[in-house]
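Top to bottom, those sequences are chains C and P. Adding 8 to a residue's 1-based position in the first sequence gives its number in the numbering used here. Adding 8 to a residue's 1-based position in the second sequence gives its number in the numbering used here.
Just so you know, these hints were derived from the structure itself, not from any lab. No experiment lies behind these values; they were computed from the predicted model shown. Honestly, I wouldn't trust all of these hints.
Treat identical chains as interchangeable: a pair holds within one or across any two.
Stated by the list, open to error - Using 20 Å as the maximum straight-line C-alpha spacing, the simulated SDA-like pairs for lysine to any residue come out as follows:
| hint | residue 1 | residue 2 |
| --- | --- | --- |
| 1 | 199 | 38 |
| 2 | 211 | 188 |
| 3 | 150 | 130 |
| 4 | 199 | 215 |
| 5 | 22 | 207 |
| 6 | 211 | 128 |
| 7 | 154 | 179 |
| 8 | 211 | 14 |
| 9 | 22 | 127 |
| 10 | 154 | 181 |
| 11 | 199 | 222 |
| 12 | 211 | 187 |
| 13 | 154 | 185 |
| 14 | 199 | 71 |
| 15 | 199 | 40 |
| 16 | 211 | 30 |
| 17 | 179 | 149 |
| 18 | 199 | 138 |
| 19 | 199 | 96 |
| 20 | 199 | 95 |
| 21 | 150 | 189 |
| 22 | 211 | 86 |
| 23 | 150 | 204 |
Protein chains: 2
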Amino acid sequence: MLSTTARTRLGREKDRGSADRNDLYDVLDAGLVCHLGVVVDGHPRVIPTGYGRIGETLYLHGSTGARSLRAGSDDSGGDVCVTVTHVDGIVLARSVFNHSINYRSAMIYGRARPVTDEDERMAGLRALSEQLAPGQWDYARKPTAKELAATAVLALSLEEASVKIRRGAPKDEEADYALPLWAGVLPIDTKWGEPQPDPVLPKEIGIPVHIADR
Amino acid sequence: MLSTTARTRLGREKDRGSADRNDLYDVLDAGLVCHLGVVVDGHPRVIPTGYGRIGETLYLHGSTGARSLRAGSDDSGGDVCVTVTHVDGIVLARSVFNHSINYRSAMIYGRARPVTDEDERMAGLRALSEQLAPGQWDYARKPTAKELAATAVLALSLEEASVKIRRGAPKDEEADYALPLWAGVLPIDTKWGEPQPDPVLPKEIGIPVHIADR
C-alpha cells in the first residue's frame, strides 16, 4: 500500500488515485524519462532525465557538475519531486469542460541520497541503463573508472509516492448525454520503430536480438 | 531569438541548445501535456497538465481550488517552471556511458499571471482546448458561466525559455568505433489510434471529420 502524506493526498479527482504499490511500479517500469523537480535559488526547475528502479529505490544520475542534481541531494537539504507520466489518449467529451486525458502518472517526493558505495553505484547505473535499453549493460562497453568518476548517482526512496490513473470513456454532465455530439477516446499508440544503424556502422555487424525483439 | 538568463543558460551539452524561437514554438505546439513545476512549502512539486499557446504566452488552467496553481501565481510570489518533452528515440552507443535519448524539450521560467479579463480567459481556454483536441472548441458544448467560475486560468510569458534538441546517431569515444558492436537509434513512433466511441453513444452519431482525420 502507498502511504498518504500531506503531499501525496489527492486534493481533487480522488477517484483517479491508486493506493496499490504495484500500480506505482507499473507506471515507473513502463517509462523512459521522468521529470525531476528541484528548487534552485528558491525557484522550481523541472528537468527531463532517465531513471531506474531497484525495489523500493529510484536511481537518478547525471554529471557530477550538474547544478540540478546537487540541488536535490543531501548536501543542499532540498527535497525533489520525480514525476513519470504516460499519456494514453485524449478524452473527447460532449462539453469542452469535461474534456480530459487518459493517463497514468506517478509522483515521488523525498530527499535524494548521493550514492557513494561503489557496488550500489554500479547497481544503480545498471538499473538506469536497463530501464532505457534492456540488455545493453551486458552488450555494450562497460563504464571505465574515469567515466564512473564523472557520474553522480542519486537514490530516492519510493516511500512517499502517489499514483493517478484515468482510463475509459468521457464523463459528461447528465443533460449533455442528449446532445447529438460524438464523444469517445482518441487513443495514443506509442511503438518502437525500425532500428536505424549508425551510418558509420560496418555492414557485417548485425542487430542483436535484444534490440531487434524489443 | 531566445534570450539567455542564468536559468536558461545551458551548463552542459551546449551543442544541443537552440536559440531559435521557432524551435521553441515547434516543441510546444507538438505537445499535449507539460510538466508544471512549482514550489509548495519550500519543496518542489511537478504536475502533468495541459497547456495552450497564443503567440508569446502560454496558458495553463486548473480548478480554482488547486494548491499547485495558487503556488505558481502572482499571489504567492513564486515562479514556475514549465517543461515540455518529446522522447523520439533511444540512442544505443557502443559504450554504456554514451547511451542517450533523442528528444526535443523546452523549459520556460517565470511568474504566472492569473488571467481575470473575461476575453483573455476565453481565448486562453480555447487555446488549451485546441492544443489537446483541435476543432472541439467549436464542436462541443461551450463552458457555462458556472464552469468558467470554477476554472482558474494562468498566463506565462515565453520570454525566459530554453530549448534542447538531440537528434541522430550515437557519439562514441574514438577508440570504441572499432568495437564489433551494433550501434544506432531505436526510434519511438507515437501515433493516433482508432477513435473509440463512448459505449453509450447512439449509433447514428458518426465521428466528425476533425477527429477522424487527425
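How the hints compare with the structure:
1. 199 / 38: both (12 Å within a copy, 18 Å between copies)
2. 211 / 188: between (58 Å within a copy, 11 Å between copies)
3. 150 / 130: within (10 Å within a copy, 55 Å between copies)
4. 199 / 215: This pair counts as within: shortest intra-copy Cα distance 18 Å, inter-copy 25 Å.
5. 22 / 207: Neither: 50 Å inside a chain and 24 Å across chains, both beyond 20 Å.
6. 211 / 128: Classified as neither; 38 Å inside a copy, 58 Å across copies.
7. 154 / 179: between (55 Å within a copy, 17 Å between copies)
8. 211 / 14: Neither way: residue 211 and residue 14 sit 57 Å apart in one copy and 46 Å across, limit 20 Å.
9. 22 / 127: Result: close neither inside a copy nor across copies, 40 Å intra and 32 Å inter.
10. 154 / 181: between (61 Å within a copy, 13 Å between copies)
11. 199 / 222: The answer is both: 10 Å in one copy and 18 Å across copies each meet 20 Å.
12. 211 / 187: between (60 Å within a copy, 13 Å between copies)
13. 154 / 185: between (64 Å within a copy, 19 Å between copies)
14. 199 / 71: Close neither inside one copy (30 Å) nor across copies (34 Å); limit 20 Å.
15. 199 / 40: Both: 13 Å inside a copy, 17 Å across copies.
16. 211 / 30: This pair counts as neither: shortest intra-copy Cα distance 43 Å, inter-copy 38 Å.
17. 179 / 149: Classified as between; 14 Å across copies, 51 Å inside a copy.
18. 199 / 138: within (18 Å within a copy, 25 Å between copies)
19. 199 / 96: Both: 12 Å inside a copy, 11 Å across copies.
20. 199 / 95: Both ways: residue 199 and residue 95 sit 13 Å apart in one copy and 12 Å across, limit 20 Å.
21. 150 / 189: between (57 Å within a copy, 12 Å between copies)
22. 211 / 86: So residue 211 and residue 86 fail the 20 Å test inside a copy (50 Å) and across (55 Å) alike.
23. 150 / 204: neither (22 Å within a copy, 46 Å between copies)
Of the numbered hints listed earlier, those contradicted by the structure are 5, 6, 8, 9, 14, 16, 22 and 23.
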